[in-house]
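S.K.: Just so you know, the protein sequences line up as chains R and Z, in that order. Everything in the first sequence is counted per the working numbering, starting at 1 for the first residue and increasing by one. Everything in the second sequence is counted per the working numbering, starting at 1 for the first residue and increasing by one.
Think of the hints as simulated: they come from the structure by calculation, not from any bench. From a predicted model like this one, the values you see are computed outputs, not experimental measurements. Every residue gets a Cβ at the ideal spot worked out from N, C-alpha and C, and that includes glycine. Treat the hints with caution; some may be incorrect.
Covered stretches of chain Z (in silico footprint by chain R; criterion: 3 or more residues with CB under 8 Å from a CB of chain R, positions within the stretch not fixed) [claimed, not checked]:
1. 114–122
2. 174–181
Within a straight-line C-alpha distance of at most 25 Å, the following computed SDA-like cross-link-like pairs (lysine to any residue) qualify [what the hints assert, rightly or not]:
3. Z:177 with Z:270
4. R:105 with Z:153
5. R:184 with Z:177
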Amino acid sequence: MRRFEPLIERGLFLCALVSVGTTVGIIAVLAVDTVAFLREVPITEFLFGTEWTPLFSTPSFGVLPLVAGTALVSMIAMLVALPMGLLSSIYLSEYANSHVRRILKPVLELLAGVPTVVYGYFALLFVTPLLQQVIPTLGGFNALGPGIVMGIMILPLVSSLSEDAMRAVPNGLREGSYALGATKMQTSLRVVVPAAFSGITAAFILAISRAVGETMIVAIAAGQQPRLTLNPLVQIETMTAYIVQVSLGDTPQGTIEYRTIFAVGMLLFIGTFGLNLVSAWLRQRYREEYS
Amino acid sequence: MTLSMRRATDLAFQVVALLVLLIALAALGALIFDVVRDGIGRLSWDFITGYPSRRASRAGIFPALTGSVFIILLTAAFALPIGVAAAIYLEEYGKRNFVSRAIEINITNLSAVPSIIYGLLGLGVFVRVMGMGRSVLAGASTLALLALPVVILSTREALRAVPGSIREGSYALGATKWQTIWHQVLPIATPGILTGLILALSRAIGETAPLITMGALTYVSFLPNSLGSPFTVLPIQIFNWTSRPQQDFHANAAAGILVLMALLLTMNAVAIWLRDRYQRKVAL
Numbered sequence: 001m002r003r004f005e006p007l008i009e010r011g012l013f014l015c016a017l018v019s020v021g022t023t024v025g026i027i028a029v030l031a032v033d034t035v036a037f038l039r040e041v042p043i044t045e046f047l048f049g050t051e052w053t054p055l056f057s058t059p060s061f062g063v064l065p066l067v068a069g070t071a072l073v074s075m076i077a078m079l080v081a082l083p084m085g086l087l088s089s090i091y092l093s094e095y096a097n098s099h100v101r102r103i104l105k106p107v108l109e110l111l112a113g114v115p116t117v118v119y120g121y122f123a124l125l126f127v128t129p130l131l132q133q134v135i136p137t138l139g140g141f142n143a144l145g146p147g148i149v150m151g152i153m154i155l156p157l158v159s160s161l162s163e164d165a166m167r168a169v170p171n172g173l174r175e176g177s178y179a180l181g182a183t184k185m186q187t188s189l190r191v192v193v194p195a196a197f198s199g200i201t202a203a204f205i206l207a208i209s210r211a212v213g214e215t216m217i218v219a220i221a222a223g224q225q226p227r228l229t230l231n232p233l234v235q236i237e238t239m240t241a242y243i244v245q246v247s248l249g250d251t252p253q254g255t256i257e258y259r260t261i262f263a264v265g266m267l268l269f270i271g272t273f274g275l276n277l278v279s280a281w282l283r284q285r286y287r288e289e290y291s
Numbered sequence: 001m002t003l004s005m006r007r008a009t010d011l012a013f014q015v016v017a018l019l020v021l022l023i024a025l026a027a028l029g030a031l032i033f034d035v036v037r038d039g040i041g042r043l044s045w046d047f048i049t050g051y052p053s054r055r056a057s058r059a060g061i062f063p064a065l066t067g068s069v070f071i072i073l074l075t076a077a078f079a080l081p082i083g084v085a086a087a088i089y090l091e092e093y094g095k096r097n098f099v100s101r102a103i104e105i106n107i108t109n110l111s112a113v114p115s116i117i118y119g120l121l122g123l124g125v126f127v128r129v130m131g132m133g134r135s136v137l138a139g140a141s142t143l144a145l146l147a148l149p150v151v152i153l154s155t156r157e158a159l160r161a162v163p164g165s166i167r168e169g170s171y172a173l174g175a176t177k178w179q180t181i182w183h184q185v186l187p188i189a190t191p192g193i194l195t196g197l198i199l200a201l202s203r204a205i206g207e208t209a210p211l212i213t214m215g216a217l218t219y220v221s222f223l224p225n226s227l228g229s230p231f232t233v234l235p236i237q238i239f240n241w242t243s244r245p246q247q248d249f250h251a252n253a254a255a256g257i258l259v260l261m262a263l264l265l266t267m268n269a270v271a272i273w274l275r276d277r278y279q280r281k282v283a284l
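So here's chain R without its partners, still in its complex pose (with noise of 0.2 Å):
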């Protein structure tokens, strides 16, 4: 049995290596077919590009409409998630009692449950036309309901992030606070919030990858008309978006068509990457700083 024993711990470092097969295997793949296609097309032109209309009989590549749109999409969530998730967050660590947190919490976290493909179905069906309701020039597709929406599906995740960074803070830092009179509002803004702050700036770097890479629900409800704007009430394009519409259709492996979906794909790789590694790092940092 003893002898054994070597190759067993030799066969778990094999797939624990699985996950490091898995980073490597995803930058080759995007890497292949964006150096295929950064041949035909000059990387200037796909980085600076104002138009993007891979699929006409006279293409042109050019990544900023898909960038923009993806921008003003995650923008509207972040608006969303960002002050909600906090608030949430303060009430749940600061004020609500064991009991409240036990019943508020699981519920909460149902929302991180759901499906995005459900949330696309409720960003177009019931967001949109309840906004139209409003703002009678919103489109039937448009940045504005998905942005929403994405914000909301995003929420618990900033909350129970910015949650734990907060309780990691050590109760000497409020009890000090209160005996200099300060209220609960004063101690949470002035003292635990900052005291979090690598912790709920980790938390919301990751909700900003997050919704730079979500897709259903743009690919669902936000168009698919790349447009270089900043107006949330018209249909636009996200990357996510685009790699799903050409992945519907029938285009045939090896064009410069099918290559533009790994090209796009590797800016949203290095993109959501950066900041995923921002995130750990702060993470990381906050967890030093109180243990």
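Mind docking chain Z on chain R? Use the hints.
M.R.: Structure of chain Z alone, referenced to chain R:
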């Protein structure tokens, strides 16, 4: 500021914070209300056992539902052994060296990579290079890679919760490291591992984007009957119906959502039940 003013501001702040929380929960309520209102009328046994059709009133979800169940079982079969093995390595064997640190950071990062990127990975590696085609096997492999970080992270937590005294007792009786892990640590950690697995799978079963990108079909009128057969899943069927302009198909989509949510709730209920059992056991 006077004391009473500060107290009033504090109370107002608390009310606003609670209100914001309740607004989020109200959104969840509105979502459920909307889907039930639109879909409950279409929900029937014929809908669950029917095949897709160009006429909304005749269409059903049977191939999509079968595809989802098939894909999820296969995903579990891939992700569970690999994920548990990786977690055992990192938790029980991994030395605090560079390789272990790198693997850990890598897993954390992977868990935040957008799911659609996994779809491109599946398309490139499983569908093209390994020649699996747009099959059930390729789809399940893609979702297994997606689920893996969650399985690894939750398994590690379950292993960490096993008291050290159990390991020491086993060693004292002369057991080897692997014997200790296999006969003592793993049985105790099993409920925790399964809870994590079910939560990972309940996320995977709702995934749409990676499977569309990897090349799953959107209109399937047959049942997947082998690892190599083309397939669709419930979320893709819902997406397909939502994207059509006719209202009748929207009702189908809502009914499909109800079935998907029922499936998810069942899985989560099982996970919660396991976790309760687990907590009681550890408390002993």
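S.K.: Each hint should be assessed against the structure and marked as holding or not.
M.R.: Verification of the supplied hints:
Coverage of a stretch by a chain is defined here by at least three residues with a beta carbon nearer than 8 Å to that chain's beta carbons; for the stretch 114–122 of chain Z and chain R the count is 8, and the condition holds. Against chain R, the stretch 174–181 of chain Z contributes 4 residues with a C-beta closer than 8 Å to a partner C-beta. That satisfies the three-residue criterion, and the hint holds. Restraint check for residue 177 of chain Z and residue 270 of chain Z: not satisfied, since their Cα atoms lie roughly 32 Å apart, outside the 25 Å limit. For the proposed pair residue 105 of chain R and residue 153 of chain Z, the alpha carbon gap of about 21 Å is at most 25 Å, so the pair holds.
Annotation: proposed proximity of residue 184 of chain R to residue 177 of chain Z is violated, straight-line Cα distance about 51 Å (limit 25 Å).
Taken one by one, the earlier hints fail for this structure at numbers 3, 5, listed in ascending order.
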